[in-house]
Amino acid sequence: MNVIVELEKPLTELEAKIQDLKNFQKKTQGADLSAAIGKLEADAHQLKSEIFSNLTPWQRVHMARHPKRPLALDYISRLDDFIELHGDRTYRDDPSIVAGFGVLAGTPICVIGEQKGRDTKENLYRNFGMPHPEGYRKAQRIMRLAEKFHRPLVTFIDTPGAYPGIGAEERGQSEAIASSLKLLAGLRTPVVVNVTGEGGSGGALAIGLGDHIVMLQHSIYSVASPEPAASILWRDATKAEEAAKRLRLTSDDLFEFGIVDEVIEEPLGGAQRDPDGTIAKVLAADRRAIALLMKLDADTLLDRRYEKYRKIGAHTELVHDRAAR
Amino acid sequence: MAPTPNWLRRRAPKPEASSDPLWVVCPDCSERVYKKDLAERLFVCPKCGHHFRLGSLDRVALLADGDFHEIGANLATGDPLQWVDRIPYPQKTAQDRSKSGMLESIVVGTCRVGGVEVGLGVMDFAFRGGTMGSVVGEKIAMMLEECGRRKLPAVLVCASGGARMEEGVIALMQMAKTSLAVQRLGALGLPFVAVLTDPTTGGVSASFGFQADVIIAETGAAIGFAGRRVIDQTIRQKLPEGFQSAEFLLEHGQVDMVVRRTELKGCLANVLRLMTMRVPA
Numbered sequence: 026m027n028v029i030v031e032l033e034k035p036l037t038e039l040e041a042k043i044q045d046l047k048n049f050q051k052k053t054q055g056a057d058l059s060a061a062i063g064k065l066e067a068d069a070h071q072l073k074s075e076i077f078s079n080l081t082p083w084q085r086v087h088m089a090r091h092p093k094r095p096l097a098l099d100y101i102s103r104l105d106d107f108i109e110l111h112g113d114r115t116y117r118d119d120p121s122i123v124a125g126f127g128v129l130a131g132t133p134i135c136v137i138g139e140q141k142g143r144d145t146k147e148n149l150y151r152n153f154g155m156p157h158p159e160g161y162r163k164a165q166r167i168m169r170l171a172e173k174f175h176r177p178l179v180t181f182i183d184t185p186g187a188y189p190g191i192g193a194e195e196r197g198q199s200e201a202i203a204s205s206l207k208l209l210a211g212l213r214t215p216v217v218v219n220v221t222g223e224g225g226s227g228g229a230l231a232i233g234l235g236d237h238i239v240m241l242q243h244s245i246y247s248v249a250s251p252e253p254a255a256s257i258l259w260r261d262a263t264k265a266e267e268a269a270k271r272l273r274l275t276s277d278d279l280f281e282f283g284i285v286d287e288v289i290e291e292p293l294g295g296a297q298r299d300p301d302g303t304i305a306k307v308l309a310a311d312r313r314a315i316a317l318l319m320k321l322d323a324d325t326l327l328d329r330r331y332e333k334y335r336k337i338g339a340h341t342e343l344v345h346d347r348a349a350r
Numbered sequence: 010m011a012p013t014p015n016w017l018r019r020r021a022p023k024p025e026a027s028s029d030p031l032w033v034v035c036p037d038c039s040e041r042v043y044k045k046d047l048a049e050r051l052f053v054c055p056k057c058g059h060h061f062r063l064g065s066l067d068r069v070a071l072l073a074d075g076d077f078h079e080i081g082a083n084l085a086t087g088d089p090l091q092w093v094d095r096i097p098y099p100q101k102t103a104q105d106r107s108k109s110g111m112l113e114s115i116v117v118g119t120c121r122v123g124g125v126e127v128g129l130g131v132m133d134f135a136f137r138g139g140t141m142g143s144v145v146g147e148k149i150a151m152m153l154e155e156c157g158r159r160k161l162p163a164v165l166v167c168a169s170g171g172a173r174m175e176e177g178v179i180a181l182m183q184m185a186k187t188s189l190a191v192q193r194l195g196a197l198g199l200p201f202v203a204v205l206t207d208p209t210t211g212g213v214s215a216s217f218g219f220q221a222d223v224i225i226a227e228t229g230a231a232i233g234f235a236g237r238r239v240i241d242q243t244i245r246q247k248l249p250e251g252f253q254s255a256e257f258l259l260e261h262g263q264v265d266m267v268v269r270r271t272e273l274k275g276c277l278a279n280v281l282r283l284m285t286m287r288v289p290a
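Residue numbers (the numbering used here), protein chains in the order written: chain R, 26 to 350; chain D, 10 to 290.
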């Protein structure tokens with residue numbers, strides 16, 4: 026997290042100074058320091074907007090991974106109601122995916138979220154938010170339930186990617202992701218997707234093919250996390266910063282590409298500075314999208330979903346004569 | 010025959026890369042093989058049966074009964090990210106074009122296979138490692154839509170390192186685009202067969218590669234989600250022998266059959282014949 030600590034250092038120092046002054050004023054009770062404090066607070070605000078309005082892609086990667094950033098369960102816990110369901114009914118329960126029935130502003134929904142941990146212990150339990158095949162198979166159960174009861178499906182994406190390991194390969198990581206995608210492609214109920222942290226590769230898309238895609242300002246979404254991307258491109262994971270720069274993975278990029286439908290602005294300094302406000306904004310966006318999508322009949326919904334992705338791509342025509350080579 | 014250690018093989022010289030115009034050394038048995046012999050034997054080593062990678066035009070010639078009616082033949086990729094690393098991305102693809110003679114990493118069209126008319130798409134590892142960018146997604150969607158219109162079964166032969174990094178999240182979204190097209194085909198009750206050849210990984214195995222009704226793997230092919238380098242860097246432990254080989258996948262219930270190249274066409278024709286048979290009234 027050095028990138029963020031370093032980034033915030035001047036701000037943290039200034040904020041500490043303001044706190045000192047406030048404490049001093051409280052203690053002495055006589056001295057009126059409010060003018061000085063006011064000036065410093067204005068400076069702090071100015072500094073904050075300078076720092077956070079010009080983030081590099083690499084800094085934004087770290088904002089997306091900020092240890093205090095709201096996680097899937099933080100959003101889910103703000104629903105009116107939630108019952109978590111466990112397991113893929115075949116192998117085991119994968120804690121890196123949480124899923125179940127919920128209620129959002131009076132509407133029953135099904136929820137799937139990729140869940141990271143807050144500390145080392147929790148991260149080991151959640152496998153750093155990297156699902157195994159059984160996680161995606163649990164998600165598929167919930168997708169089918171959403172379709173069966175014609176409830177909107179709401180997903181929260183926050184993963185560096187699907188877990189690359191021996192067991193995951195043996196149990197069919199490819200098949201698990203492929204089947205999730207195919208299921209979402211034909212799911213006859215609205216699918217609203219929130220990219221709230223890291224959207225890394227197929228492991229993110231597996232719960233991300235939907236009708237309305239919401240992305241938090243400082244989240245990222247990419248073909249691969251910068252580290253594996255650098256490893257694939259240049260056989261050198263330490264070039265992650267360069268990969269982050271090239272990959273065009275910020276919310277601005279995703280909106281420009283037409284992949285993300287709506288970007289939710291974060292408070293200055295990031296979602297962790299006002300988790301409640303951020304979560305409320307995201308859930309309000311979901312509620313609006315659901316209200317519109319629930320009005321469409323299933324065939325129209327599927328046609329719309331098909332067209333949304335059908336037009337994503339960049340190709341041209343070249344005259345090519347194979348015989349001439 | 011013990012499964013080939015894929016990763017050893019991957020680093021071995023490819024026939025087209027060797028400087029010798031007449032001879033090539035088999036990466037499996039280290040025997041010198043006469044190139045002309047190799048081509049006549051479908052690029053299968055006459056000494057040990059090792060399957061060299063096959064270009065998509067050779068693969069189409071192997072599988073199609075006669076004419077192949079290509080779809081989207083002139084499609085080439087744009088540069089959505091304006092990607093530059095060592096050189097700009099358009100220069101990389103230009104090099105791939107002249108090196109491989111291919112315009113992109115896939116050829117799609119319609120033809121007959123053992124008498125059954127099908128939509129056939131074949132990927133080519135020689136172009137950008139067979140990676141999937143905009144053009145692969147577009148061509149597969151075009152082909153599957155044509156299959157839907159003409160009520161044809163679809164066959165996709167995969168050979169790919171996954172999604173193409175240089176097209177970033179646009180490449181990732183081709184997984185969604187192809188999945189939607191596969192789903193539509195399936196909703197029409199049309200058969201879809203995937204043939205996984207060396208290598209099939211990442212965004213290709215995790216989308217249409219494993220969405221097929223029947224999955225055939227070619228002998229010795231490396232198939233998996235994560236590439237070895239990524240797994241190595243994540244778990245830092247020795248991978249078991251034959252890990253991610255076609256035979257390993259068959260054993261783990263991931264594919265329906267493992268088939269040698271010499272028998273591939275016959276096998277595919279049989280599968281298609283049975284899948285398209287109608288129940289008598």
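Hints are computed from structural coordinates only; laboratory data are not their basis. Among the clues, some could well be false.
[Said to hold, decoys possible] Among the chain D residues that face chain R by a calculated CB cut under 8 Å, a handful are:
| id | residue |
| --- | --- |
| 1 | L47 |
| 2 | E49 |
| 3 | G251 |
| 4 | Q253 |
[What the hints assert, rightly or not] Simulated pairs of lysine-lysine, DSS-like, Cα-Cα distance not exceeding 25 Å:
| id | chain 1 | residue 1 | chain 2 | residue 2 |
| --- | --- | --- | --- | --- |
| 5 | R | K264 | D | K160 |
| 6 | R | K264 | R | K336 |
| 7 | R | K52 | R | K73 |
| 8 | R | K270 | D | K101 |
| 9 | R | K336 | D | K160 |
| 10 | R | K306 | R | K270 |
| 11 | R | K306 | R | K34 |
| 12 | D | K45 | D | K101 |
| 13 | R | K306 | R | K320 |
[What the hints assert, rightly or not] Over the 10 Å line for every Cβ pair with chain D, so calculated as not near, a few chain R residues:
| id | residue |
| --- | --- |
| 14 | L65 |
| 15 | E109 |
| 16 | P189 |
| 17 | I191 |
| 18 | E195 |
| 19 | R260 |
| 20 | E266 |
| 21 | F282 |
| 22 | Y334 |
Quick caveat, the model's predicted, so the values are computed rather than measured. Cβ atoms here follow ideal geometry from the backbone N, Cα and C, with glycine treated the same way.
These are the hints, each one checked on the structure:
1. L47: 21 Å, violated
2. E49: Constraint on D:E49 not satisfied, violated at 21 Å.
3. G251: 12 Å, violated
4. Q253: 6 Å, holds
5. R:K264 <-> D:K160: 48 Å, violated
6. R:K264 <-> R:K336: 32 Å, violated
7. R:K52 <-> R:K73: 28 Å, violated
8. R:K270 <-> D:K101: 19 Å, holds
9. R:K336 <-> D:K160: With a Cα-Cα distance of about 23 Å, the restraint between R:K336 and D:K160 holds, given a limit of 25 Å.
10. R:K306 <-> R:K270: Since the Cα atoms of R:K306 and R:K270 sit roughly 28 Å apart, the hinted pair is violated (cutoff 25 Å).
11. R:K306 <-> R:K34: 28 Å, violated
12. D:K45 <-> D:K101: Violated. D:K45 to D:K101 sits at ~30 Å, over the 25 Å cutoff.
13. R:K306 <-> R:K320: Holds - the C-alpha atoms of R:K320 and R:K306 are around 22 Å apart, at most 25 Å.
14. L65: 41 Å, holds
15. E109: 26 Å, holds
16. P189: At roughly 3 Å from the nearest Cβ of chain D, R:P189 sits no farther out than 10 Å, so the non-interface label is violated.
17. I191: 7 Å, violated
18. E195: Violated, because the least Cβ-Cβ distance between R:E195 and chain D comes to about 5 Å, which does not exceed 10 Å.
19. R260: 7 Å, violated
20. E266: 13 Å, holds
21. F282: 6 Å, violated
22. Y334: 5 Å, violated
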